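Model the full assembly from the supplied sequences, consistent with the hints where possible.
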Amino acid sequence: MKDYSINSIYKSVRPLKNRMHAERAAKIFILALAVASAASMILSLVALFYPVPFLINKIAWIFSGAFAIALVAAFFSRPGNLVVLKTADALGLCERLITAYEFRNENSPIALIQRKDAQLEAERFNYKEMYRIRFPGKPALIAGGLLILTIVLFSIPTRFREEAVKAENLAREIKNQTEKLNAIKEELNESSKLSTEEIDEIKKKIEGLLKELKKAGSAEEALKAVSRSQNELVELMERERLESNLSKLFENIEPIAEALASEEKLSGSDINELKQKLKQLLNQIANSGNEERQKLSDAIAGAAQNMKGNQALSNILEALAKALATGNSMMMDQQLSELLSSLSSVEGSQGQLDDETLGKIVDALKEARLQIAQLSRDDTLYGSGGQGEKQAGNNVNGSVNQGQSGNQSNQGEGRQGGQNSGNQGQAGNQGQPGNQANSGEGGAQTGQSSGSAGNQSGKGDVGYTGNDQESSGKQPGNSQIEKYESVFVPTQLGGDGDPSLAGGTKLDSGQSYWIGSEGTPVPKGYIIPYNEVFNEYKSEAINRIDSEIIPPVMKDIVRDYFTSLE
Amino acid sequence: MDFSNNEIEHVISTVNNIEKEIAKHMVGQKELVRQVVICILAGGNALLEGVPGLGKTRLVKTIGKVLGLQFSRIQFTPDLMPADVVGTNIITRSMEAEGMFRFQPGPVFSNIVLADEINRATPKTQSALLEAMQEQTVTVGNNTYELPQPFFVLATQNPIEMEGTYPLPEAQMDRFLFKLTVPFPTIDELTQIVTLTTGNKEESLNIVSNGQEIIWMRSVAREIPMAKPVLDYSMKIIMATHPDSKFAPPIAKKYIRFGSSPRGAQAIVSAARIRAILEGRYNVAFDDIKYVAYPALRHRFFLNFEGVSDGIATDQIIGEILDFVE
Numbered sequence: 001m002k003d004y005s006i007n008s009i010y011k012s013v014r015p016l017k018n019r020m021h022a023e024r025a026a027k028i029f030i031l032a033l034a035v036a037s038a039a040s041m042i043l044s045l046v047a048l049f050y051p052v053p054f055l056i057n058k059i060a061w062i063f064s065g066a067f068a069i070a071l072v073a074a075f076f077s078r079p080g081n082l083v084v085l086k087t088a089d090a091l092g093l094c095e096r097l098i099t100a101y102e103f104r105n106e107n108s109p110i111a112l113i114q115r116k117d118a119q120l121e122a123e124r125f126n127y128k129e130m131y132r133i134r135f136p137g138k139p140a141l142i143a144g145g146l147l148i149l150t151i152v153l154f155s156i157p158t159r160f161r162e163e164a165v166k167a168e169n170l171a172r173e174i175k176n177q178t179e180k181l182n183a184i185k186e187e188l189n190e191s192s193k194l195s196t197e198e199i200d201e202i203k204k205k206i207e208g209l210l211k212e213l214k215k216a217g218s219a220e221e222a223l224k225a226v227s228r229s230q231n232e233l234v235e236l237m238e239r240e241r242l243e244s245n246l247s248k249l250f251e252n253i254e255p256i257a258e259a260l261a262s263e264e265k266l267s268g269s270d271i272n273e274l275k276q277k278l279k280q281l282l283n284q285i286a287n288s289g290n291e292e293r294q295k296l297s298d299a300i301a302g303a304a305q306n307m308k309g310n311q312a313l314s315n316i317l318e319a320l321a322k323a324l325a326t327g328n329s330m331m332m333d334q335q336l337s338e339l340l341s342s343l344s345s346v347e348g349s350q351g352q353l354d355d356e357t358l359g360k361i362v363d364a365l366k367e368a369r370l371q372i373a374q375l376s377r378d379d380t381l382y383g384s385g386g387q388g389e390k391q392a393g394n395n396v397n398g399s400v401n402q403g404q405s406g407n408q409s410n411q412g413e414g415r416q417g418g419q420n421s422g423n424q425g426q427a428g429n430q431g432q433p434g435n436q437a438n439s440g441e442g443g444a445q446t447g448q449s450s451g452s453a454g455n456q457s458g459k460g461d462v463g464y465t466g467n468d469q470e471s472s473g474k475q476p477g478n479s480q481i482e483k484y485e486s487v488f489v490p491t492q493l494g495g496d497g498d499p500s501l502a503g504g505t506k507l508d509s510g511q512s513y514w515i516g517s518e519g520t521p522v523p524k525g526y527i528i529p530y531n532e533v534f535n536e537y538k539s540e541a542i543n544r545i546d547s548e549i550i551p552p553v554m555k556d557i558v559r560d561y562f563t564s565l566e
Numbered sequence: 567m568d569f570s571n572n573e574i575e576h577v578i579s580t581v582n583n584i585e586k587e588i589a590k591h592m593v594g595q596k597e598l599v600r601q602v603v604i605c606i607l608a609g610g611n612a613l614l615e616g617v618p619g620l621g622k623t624r625l626v627k628t629i630g631k632v633l634g635l636q637f638s639r640i641q642f643t644p645d646l647m648p649a650d651v652v653g654t655n656i657i658t659r660s661m662e663a664e665g666m667f668r669f670q671p672g673p674v675f676s677n678i679v680l681a682d683e684i685n686r687a688t689p690k691t692q693s694a695l696l697e698a699m700q701e702q703t704v705t706v707g708n709n710t711y712e713l714p715q716p717f718f719v720l721a722t723q724n725p726i727e728m729e730g731t732y733p734l735p736e737a738q739m740d741r742f743l744f745k746l747t748v749p750f751p752t753i754d755e756l757t758q759i760v761t762l763t764t765g766n767k768e769e770s771l772n773i774v775s776n777g778q779e780i781i782w783m784r785s786v787a788r789e790i791p792m793a794k795p796v797l798d799y800s801m802k803i804i805m806a807t808h809p810d811s812k813f814a815p816p817i818a819k820k821y822i823r824f825g826s827s828p829r830g831a832q833a834i835v836s837a838a839r840i841r842a843i844l845e846g847r848y849n850v851a852f853d854d855i856k857y858v859a860y861p862a863l864r865h866r867f868f869l870n871f872e873g874v875s876d877g878i879a880t881d882q883i884i885g886e887i888l889d890f891v892e
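First to last, the protein sequences are chains W and V.
Reminder that position 33 of the first sequence reads as 33 in the working numbering, one-by-one numbering, no gaps.
Here the working numbering = 1-based position in the second sequence + 566.
Rather than coming from a laboratory, the hints here were simulated on the basis of the structure.
Incorrect hints may appear among the rest.
Claimed, not checked - Below are the PhoX-like pairs computed for lysine-lysine, each with C-alpha atoms no more than 20 Å apart in a straight line:
#1 Lys86(W) / Lys856(V)
#2 Lys175(W) / Lys205(W)
#3 Lys802(V) / Lys86(W)
#4 Lys204(W) / Lys366(W)
#5 Lys58(W) / Lys214(W)
#6 Lys819(V) / Lys802(V)
#7 Lys767(V) / Lys586(V)
#8 Lys794(V) / Lys767(V)
#9 Lys86(W) / Lys767(V)
Just so you know, these numbers come straight off a predicted model, no measurement behind them.
Right under this line is the structure:
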């Protein structure tokens, strides 16, 4: 006997349910298309007046998201049984089904008869004829219109579109460089030549760089981040190199000393003494303070005295002792290199860096900087670049204001230019490496004080409070010893540590003498008035900015800076 | 009660037979006949309104004959007294001490009472029908007499000849289940009417039902289920006739003075059940409600002065209510 229950009625109306579901799904998809089209149209409209990088990708994401949401919504939009029954009733079943549903649990004779009647009518009903799936024409028309509008807006070329393309290239390049840095980070783990602490330190720096690259909104910021990391790694590499050279010195010193002894008839006690002193040098180099450095210097000077038979070696050792006494790591490194070179020429070996990985990282950073700089080479950097350039141009006497009294973007560019030139200084190793290396970086702001421009040892944020005092009418030349502040502020470059402070004396001429500092890496005796080095710095800077790949805006800043100092 | 398809089919065939027999003497007016039958099966009274000569009296007489029921006719006039309708105590000829007065039943003691031109009688006489129509009893003196079952009143009134008439009071209007408007026949129907009534060939009528069957059919109709949405719909319609109700459409708020009483809801539901059976269904549909809403409501709400002066028809308001209520 046929079952006339409510479930069998549900089955009878399933064709209608499917048709309703299909219609709803079509509506949802069209609606999603319309919404996605509207959102894309708005985005395209915004892109006409503001650079929106990866616009096509964003539009693709919008449509994909809308499609995915529509798919899920369509899946869950299957109509419920009650809705289907009501719809069927409205189509011509005259409330038979809803009545059967209401009395589904009743078993009275009239209820049974009513359910049977409802089911028979539901089975007889031609849903295909009575319920035609209506295509949502109006929403589809709106969606189509919006889509066409989006395409039209998308195809209008504007300067913001070009800027967006540049930003896209920058983002791609940052991504590439990030991948490379990650690869290098992986390689670091396999490097057996570096200690765990060194690896950790390098990793930390790379991670810091990766974070900054991720946050970088412009080529300028990315360049800054890369340059900063490059500087830090170069510094690290130099330290490594120094330690490495000392190590090699120790390794080489024994056979060479023996050779010297046989040639120059040095006594065994001479060799042993030399060895002993170099051992001390190596042991103490890690914790070398001023006093210890002085002791080391004395020890090496003593060794030089004992090397009278080999004048060249003796001279080098003397120079090394001197460098050690001053605490100038660059000079120490230079002298050690020469010493090694001298020793190696005897020994027939070359003084190469042990740590290829570190060098590789620095090379990678250089390449990254090069690539990023290329991206912003042709045009002014969008956003802050234009403003910075204008600011620099307006300052006729603006050596004081470059990079500091200007707005944030101007300040950033000033530092950037300084950093770049600073790197060049380091690479050049001319004269006094430490000062030269930093002069460019300080150059972005050293115009604040004519007397202390050459004294800046920081990485670009150098300055002191005397600037304000000067501008407020305080007469220079009163020989007043003042507390200058913030000669070197590591936090401004993303590092940590306390700022360096320096005291000095201003003269009537406007020059100032540096007296002492707290924490500054510049040793006493290496401070030279800027007018003595100005021309050299300027010519070096001009040469470098012409030969290096540097954004034109930054080149102008550097040129303006030196012009303002003349 | 035991229920089967046969019962419903029997009701349908009986009603079809009734309508066929009536059609022998009534040309056209099929919708009117159907509505009168629904009204009778629902146990209500009907007020037929139409201009003279449309066959109102003929229809009622024909129905009485076809149903095999006792039929009486009261011609309402201004001097008609209540006792002329319900009956009175009269002195008997026998000189029995206690049986000196005897109740003489009036014409209301029939199954079908035709109250012809009911609006011509005074309100006092009209009111004599109130108890009979609602309680289906008659009280004379201290005695209450039950009327024969089934009982229903079919009243007629002329809507245009208003001079010397007494419009039915609201309370009495409310006693009528349906108020039916008798339409003017079409030209073909008119031709047939003339042919039929002016010749000698008039078909004789057969009795196709009886009082018991009508009572049984009423009980069958009460079994017909009604889904809650349908019931809610009919209640909302009643509420919509009240101008203060949130269900009332703007036209109802504007033109209605008083809305329908709960009797209106009872009328709609009971009549809708009969209509569902006659449509061959075992459930009440929205269409049934809509169908019976016009005759069941058109006399149950009263227009305000603005409505009367604007010439608003109650059917127009009902139509808008049906469209407005969901």
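Hints, verified against the model:
no.	hint	in the structure
1	Lys86(W) / Lys856(V)	holds (18 Å)
2	Lys175(W) / Lys205(W)	holds (17 Å)
3	Lys802(V) / Lys86(W)	holds (19 Å)
4	Lys204(W) / Lys366(W)	holds (18 Å)
5	Lys58(W) / Lys214(W)	holds (18 Å)
6	Lys819(V) / Lys802(V)	holds (15 Å)
7	Lys767(V) / Lys586(V)	holds (17 Å)
8	Lys794(V) / Lys767(V)	violated (51 Å)
9	Lys86(W) / Lys767(V)	violated (52 Å)
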